[in-house]
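A.B. asks: Residues per chain are reported as follows:
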Amino acid sequence: MNKDDASWILSNTFLILTMQTGFGMLETGSVSHKNVANIMIKNCVDVTLGGLAFWIAGYAFAFGDPSRLFDGHTGFFFTPPGDAHTGTHYTHYIFQFSFASTATTIVSGAVAERMKLKGYMLFSIFNTIIYSFSAGWAWCATGFLARLGFFDFAGGIVVHTCGGASALAATIVLGPRSDRFRKDRTPDGLNSPTTALTGIFMLWWAFLGMNCGSTYGITDHRWIVAAKVSVITLNGSMGGGITGLVLSLIFKQGRIDITYVMVSIMSGIVSITAGCPILSPREAIVVGAIGASIALVAMHLLKRMQIDDPVGAIPVHLFGSLWSATAVGLFGDDEFGYLGNIHGLMHKGGWHQLVVQWIGFTSIALWNALFTVVAFLILKKFRLLRMSANEERLGADWVEHNVCSATFGVKLDKALKDIN
Amino acid sequence: MNKDDASWILSNTFLILTMQTGFGMLETGSVSHKNVANIMIKNCVDVTLGGLAFWIAGYAFAFGDPSRLFDGHTGFFFTPPGDAHTGTHYTHYIFQFSFASTATTIVSGAVAERMKLKGYMLFSIFNTIIYSFSAGWAWCATGFLARLGFFDFAGGIVVHTCGGASALAATIVLGPRSDRFRKDRTPDGLNSPTTALTGIFMLWWAFLGMNCGSTYGITDHRWIVAAKVSVITLNGSMGGGITGLVLSLIFKQGRIDITYVMVSIMSGIVSITAGCPILSPREAIVVGAIGASIALVAMHLLKRMQIDDPVGAIPVHLFGSLWSATAVGLFGDDEFGYLGNIHGLMHKGGWHQLVVQWIGFTSIALWNALFTVVAFLILKKFRLLRMSANEERLGADWVEHNVCSATFGVKLDKALKDIN
Amino acid sequence: MNKDDASWILSNTFLILTMQTGFGMLETGSVSHKNVANIMIKNCVDVTLGGLAFWIAGYAFAFGDPSRLFDGHTGFFFTPPGDAHTGTHYTHYIFQFSFASTATTIVSGAVAERMKLKGYMLFSIFNTIIYSFSAGWAWCATGFLARLGFFDFAGGIVVHTCGGASALAATIVLGPRSDRFRKDRTPDGLNSPTTALTGIFMLWWAFLGMNCGSTYGITDHRWIVAAKVSVITLNGSMGGGITGLVLSLIFKQGRIDITYVMVSIMSGIVSITAGCPILSPREAIVVGAIGASIALVAMHLLKRMQIDDPVGAIPVHLFGSLWSATAVGLFGDDEFGYLGNIHGLMHKGGWHQLVVQWIGFTSIALWNALFTVVAFLILKKFRLLRMSANEERLGADWVEHNVCSATFGVKLDKALKDIN
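Line by line, the protein sequences are chains E, B and D.
Residues in the first sequence are numbered from 693 upward in steps of one, following the working numbering.
Residues in the second sequence are numbered from 693 upward in steps of one, following the working numbering.
Residues in the third sequence are numbered from 693 upward in steps of one, following the working numbering.
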């Protein structure tokens, strides 16, 4: 690595970190008024506590030499020695940090409005560690998926399957919000479509940093790949977004449903994230469109199955990443010959790559879902998992942060007592 | 082009795309509460449907070889061949994409609160194509304006005249909001000055990407130009902003009018955008100050003429760009000798450059205004243009997105029936 | 300087300028509803009027040759000659501009909700000039602090002490908001925790630009330093943020106080800003944690002393920067040998560096505080300082910007008369 690569990687890492702002705004705009502050605090927790876990142990589990976790520079409490490789180590660490923090923040949306903050704080630490193992499988040279030839350019599977599978497992163990599936419930929709859509815009451009920065440098052929990836990323979002607009006009009586637009743009991008440098601009439109369709169908199925996912994390990230893995196996075509010589089913590559991609998706999904279930059952056992029905009715902003009591001029403890 | 140029161009392109977030927040904060989500969705439409149009045909019309639109790599459905120039093609495309999406998103503010979303969706496609022709005139080596010696460094004319002229034509054909010029109307102002001003801040820094990125590289003398342009851009905004503050103190009874501040900062920047590398820091202050004065006068004239422009798009972008073109002809001075050897009237260049700049402004303004009128008349004919008076009263959020009905606990269809 | 250094510096400068957006959102979310627009306008004033002052004289006072202020290229009205160093001059100027605008915007939060806008406009000009002298002491080769061996890598002292000391002096002269310390007052808290927290997120990533961009280039060893600094910055924020979470659980009855989280993340970052390249990742966690503890204690002491600081500017910026200076003297260790060969008390450097850091902090704090007191007393004399009690009750949005009168359907002048 030299100065030019480092400059590119660092600049894009800063852009990737703005995803935290984007996810925060998307989520806070999507929940009800009584939980807007709580969900932002959960995003702060993801960076601070989750980040600490990544620094202490996550990075070591992902990229450290297993035999030297307690003494090597890639071991626990990441601190590279001041040798000739110091810059390379720091650059690699901060880049991977930005991916880890993105993966773990996805779950906060799915458990919104009903999970206790203290439980979430513990889970955030745990989840970052669990993610790190699967990042190592795919992106550390010695990882079993890397050795199988698994291809995930920018985290379309590693990041989004991790986030999405954890989100699904989490919401199933946690159960839906109390009144979510009651028949007489007034649907309350997004508390602020404007804030949620601003979050979508922020994520849109931050994804350019994530996908283009995944060239991991700008020298040699890398700048050519980065330029191509920027076009593929936008085309994926366009294919997705347009599909959402059209499906909304068809299925929503000629109106444009805001959730359709948001889910379809995001799932369009996730769809091309694993394979962005080896898809063509035309394929990116198609892959994005199919990804958005899958996500919208998934969203309806989840609702019918009474699985409650307040911000649509599961359709976008879990189903989006399944399709992202599949698209590599179907359409991948390494035209430059720089990228592992991947060729999918449609480009004379046979079934091999597709099977490898599915192995990767399945391993990562099961690993993360399994440990999330374990973690949530432990939290449940210690009564750290779910807010009481009354607390849920009052909202986490009041219960956890004492924020609304001022507004209403009453004391929280008195209010809770009155209800009980 | 090499890795260093590509790195600079791509990073700045990502920054330019954040203009979509800025315009979204500015517009959503400037309209009334009942249309906040609708205007954000229109911005999503600009990137997705407008972007698709640019990919399919816009880029080809702007920069393609006219005789090879159906087979060349710069033809329809932009897909460069995997040869030695692939990276250059992709980089040029994504950079131009960011300009096209900026130009087309300007109109959404001017037609806010009364134009049907379906009509806007069709117009967004059409508008991107029309813009592309004028981009080609100025920035493709074979374009007639380029051959005349027309100078527009960062889209001060190409982008802003296109957006501003379309906005003026659109709002005239569309007519004002129903109650906008009724005498007994309670002025409702900005629904959220905070959101609108946050949008202004975002646009401010994104303009640095647009102007400095327009060096189209960082090698050779380009980094020197980029550094200069950053100072000129901020000085333009300072000249504009301070003028707005002073004029508001004078004409608004010693108070600072928020719209004055927003319009004057933006028009200050637009004023220097065409000529940023060939103005001096002192001239930038003056040019920005004059630009803001022109925009504020225009804003009052438009109001007197009962031309309804909810977010001030016409003063900033149309009048700002006319002055931006003029400033090049008056003050332009290519001190480095790298930039076409332009010299304006004040720098011993005679009238030549000024006339060329006005030819450019006029051609682009007429071209875009004319086709916008045609498009809007066609939309009107098919009843896709304007919401009904009742729909307008209910607001587009409710009518187009079913967003408020949940809040009020009533069904949209019933509400519409009650009113009718 | 060459193209690579310029590219790095300019990109990071653009990121630093987004701090204005972050501070704006943090402050507007932290004040009460009736002052949300006013505080954003104050931030606009900081960039435009403050920026003008920096261009006219501030940069010259900081970095100009004192004997050539009236003719040199680093003199008043910054305009470098078009020689071989033009690019270097422009790059240095815009980088320093971004620091100056950050320093001066800090005060706007501390004087919120009670200072007259006209007075603030004048102060903004004055404050930028005063800041510039202290920037010159530390960062101009001939400055007395620079010659003493004072170390402030990214403005941890120059920027934050200036902002914090001015804030403390300002709020003492100005006095608290009328009803701030009345016993029967209903605490109104943050008007929008969501907006304030979004501002925190934006500042978080913008700090990466400020700290990493302070390598002032990417060539030679600079990219290695930049990569390290990014990790140190995030670790500082993590150490701070986690301390805030833990202290809130302990002292706020098991709840997470939102102000605690915001103050602790910000003070964690400020704490490591002076010494970021010469701290280790472990030390960064510890330094951030201690910094957050100091800031939270300071916040409580200020409240007890009835010093009113609506957005927590003094604990974060003044106390944070005192600790930032101290941390350099205690933990600084120039492992690369590129950075002035600094060694703190804990790394066999003796007391020398610590004393120098304290001299720097004290000089800068006294200089800025003193002139702020003078400026505020002059403003008071001319009745430009403080809003009347009635105006304060109505809110600056209404009084200064005529923004709410529309909402309530009454005229401002009539309302003021009714109250009087």
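Keep in mind that the hints are not guaranteed to be accurate.
For chains that are exact copies, the list does not tell them apart, and a pair is met inside one copy or across any two.
No more than 30 Å apart at the CA atoms, straight line, and that leaves these computed lysine-lysine pairs for BS3-like [as the list claims (entries may be wrong)]:
| no. | residue 1 | residue 2 |
| --- | --- | --- |
| 1 | 810 | 995 |
| 2 | 1072 | 726 |
| 3 | 1040 | 1072 |
| 4 | 1072 | 944 |
| 5 | 1073 | 995 |
| 6 | 995 | 944 |
| 7 | 944 | 1073 |
| 8 | 1040 | 944 |
| 9 | 810 | 944 |
| 10 | 995 | 1040 |
| 11 | 1072 | 995 |
| 12 | 726 | 1040 |
| 13 | 726 | 995 |
Source of the hints: derived by calculation from the structure; they are not laboratory data.
Since we're looking at a predicted model, the values are computed, not measured.
A.B. asks: Tell me, in ascending order, the numbers of any earlier hints that this structure violates.
C.D. replies: The structure conflicts with hints 3, 8, 10, 12, although it agrees with all the remaining ones.
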